[in-house]
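**Q** Residue-level listing of the chains:
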Amino acid sequence: MSEITEKLFMYLELPFVRYAVIVGVLIALCSSLLGVTLVLKRFSFIGDGLSHVAFGAMAVASVLNVSNDMVIVLPVTVVSAILLLSGGRKAKIKGDAAIAMISVGALAFGYLLMNIFSTSSNLSGDVCSTLFGSTSILTLTSKEVWLCVALSVAVVVIFLLFYNKIFAVTFDEDFSKAVGTKAQRYNFLLATVIAVIIVLAMNLVGSLLISALVIFPALSAMRIFRSFKAVTICSAVVSVICAFVGIIISILAGTPVGSTIVAADAVVFIIFYIAGMIRGGVQ
Amino acid sequence: MEQLICRDVSLGYEGNAIISGLNFSIGSGDYLCIVGENGSGKSTLMKTLLGLIPPLSGEIVRGGGLCANEIGYLPQQTAIQRDFPASVTEIVLSGFQAHCGMRPFYNKEEKRTALENMERLGITDLAKRCYRELSGGQQQRVLLARALCATTKLLLLDEPVAGLDPMVTADMYALIDSLNKEGVTIIMISHDICAAVKYASHILHIGDVLFFGTKQEYLRSDVSKYFSGECVKR
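Chains as they are written, first to last, in the working numbering: chain U, 1 to 283; chain E, 1001 to 1234.
The set of hints was computed from the structure by calculation and includes no laboratory data.
In this text, a Cβ means the ideal position worked out from N, Cα and C, and glycines have one as well.
Be a bit skeptical, because a hint or two may be false.
[Claimed, not checked] Listed next, with one range per pair, are the computed distances between beta-carbon atoms:
| hint | chain 1 | residue 1 | chain 2 | residue 2 | range |
| --- | --- | --- | --- | --- | --- |
| 1 | E | Cys1100 | U | Lys143 | 17 to 25 angstroms |
| 2 | E | Glu1182 | U | Ala150 | 49 to 57 angstroms |
| 3 | E | Glu1133 | U | Leu83 | 49 to 57 angstroms |
| 4 | U | Ile274 | E | Pro1104 | 33 to 41 angstroms |
| 5 | E | Gly1063 | U | Phe244 | 21 to 29 angstroms |
| 6 | U | Ile274 | E | Glu1014 | 47 to 55 angstroms |
| 7 | U | Trp146 | E | Ser1057 | 53 to 61 angstroms |
| 8 | E | Glu1116 | U | Tyr273 | 19 to 27 angstroms |
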């Protein structure tokens, strides 16, 4: 045991490992905060859809040889998020179908573009790392870490400031509109924040696994807690712990970072599910 | 004093009018029941009154110092709410959302008023409970308390007794009646013509024939004979 802790401390002294832990934990925190709202709004799959859009945009960026692909990826993802979330109930194509359509469409076009105009010698490796998360989390520069810290702080502050409004609009949009809250504005705000988180999180777990970061902590928390505040706090704590533990395990055991974190989230969900059943049975 | 006046209003979706030529007004302290068959446009009318959808033509005028966000609303329950993890207090407090403006949190005054409203509706002991675990009648009381936090001037109730058993229904009607006696204007959509005739001061009947008037006028009119059957005769 002491050997493992020794190894762990040795790793934690390395700057790139510390960067990875900081970024991973922050991304997990942000995605879990909004996860509760997304799950309740029946938009669990939006993470998946948007990350595939981001994947497509990334392919376009690499074909166009744009040096900083964020310039293309972020705006495209934000616009898609707004279109998906604001369409809401009145849209001609309903939420789940719209997400599925955009998701697979963008994935197909992205892969197609990468295939046709590829400049890389290791195409399948590139695609695989974009889909399942790359080791790029371990090669972050301090500039990228600061960008991630700044965006995460912004997301948390926005969430805290608008917490009550987000709750109200999620619980009952019609009531909010009736009493004069500009519900649509909050939907736009949510969409933008989610898009930013997704683009950030792609570095960590890759586009196929992003939904897990968004929905698992929220679903776990909902098994046990019964108020919105408690669910939100619990989901944030669960997500942060899982991300931390996942990164450490992946470093120690040499497993892929993204899937290890998601596996940790899934295990916690099962534990919470059973705990919820036992608690429900006792009452 | 007139709180809400509809002048020659047509309403519907995407240019298709469901109701046209609607004229009525409701004064402070009135109890208006909107009755009519399924699909006659009752819920559409309510959404139009709330400003959720614009009227196709005509105008809806607010009077008597009633501001845009001073209409409380008791909606029909949505699927989302059935498994929503939220405590009763959180939901009741959200009635104040429009009062805050850009202020992010609820203040002491609002929290106190929320408690008062919960007491008024007899749900103080449920404060910490989870909304989805409550019975239908309790849930309606919670939503009613939230509506009272939004305003105490005018409440719009969309079928407040849908899905409740007869005992709870009677309680709910008594509760709404007592709020009305305390001076809250009530506009209620109902299928239950007997309750409408029993409690309301005014009736708006929509459908093939439009009728608006006091309860007494309604009972004398032809519309009621065709629609309401035996419970009117009693």
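**Q** Next step is simple, just say for each hint if it's right about the structure.
**A** Hints, one by one, checked against the model:
no.	hint	verdict
1	E:Cys1100 <-> U:Lys143: 17 to 25 angstroms	violated (38 angstroms)
2	E:Glu1182 <-> U:Ala150: 49 to 57 angstroms	holds (52 angstroms)
3	E:Glu1133 <-> U:Leu83: 49 to 57 angstroms	violated (36 angstroms)
4	U:Ile274 <-> E:Pro1104: 33 to 41 angstroms	holds (37 angstroms)
5	E:Gly1063 <-> U:Phe244: 21 to 29 angstroms	violated (60 angstroms)
6	U:Ile274 <-> E:Glu1014: 47 to 55 angstroms	holds (49 angstroms)
7	U:Trp146 <-> E:Ser1057: 53 to 61 angstroms	holds (57 angstroms)
8	E:Glu1116 <-> U:Tyr273: 19 to 27 angstroms	violated (39 angstroms)
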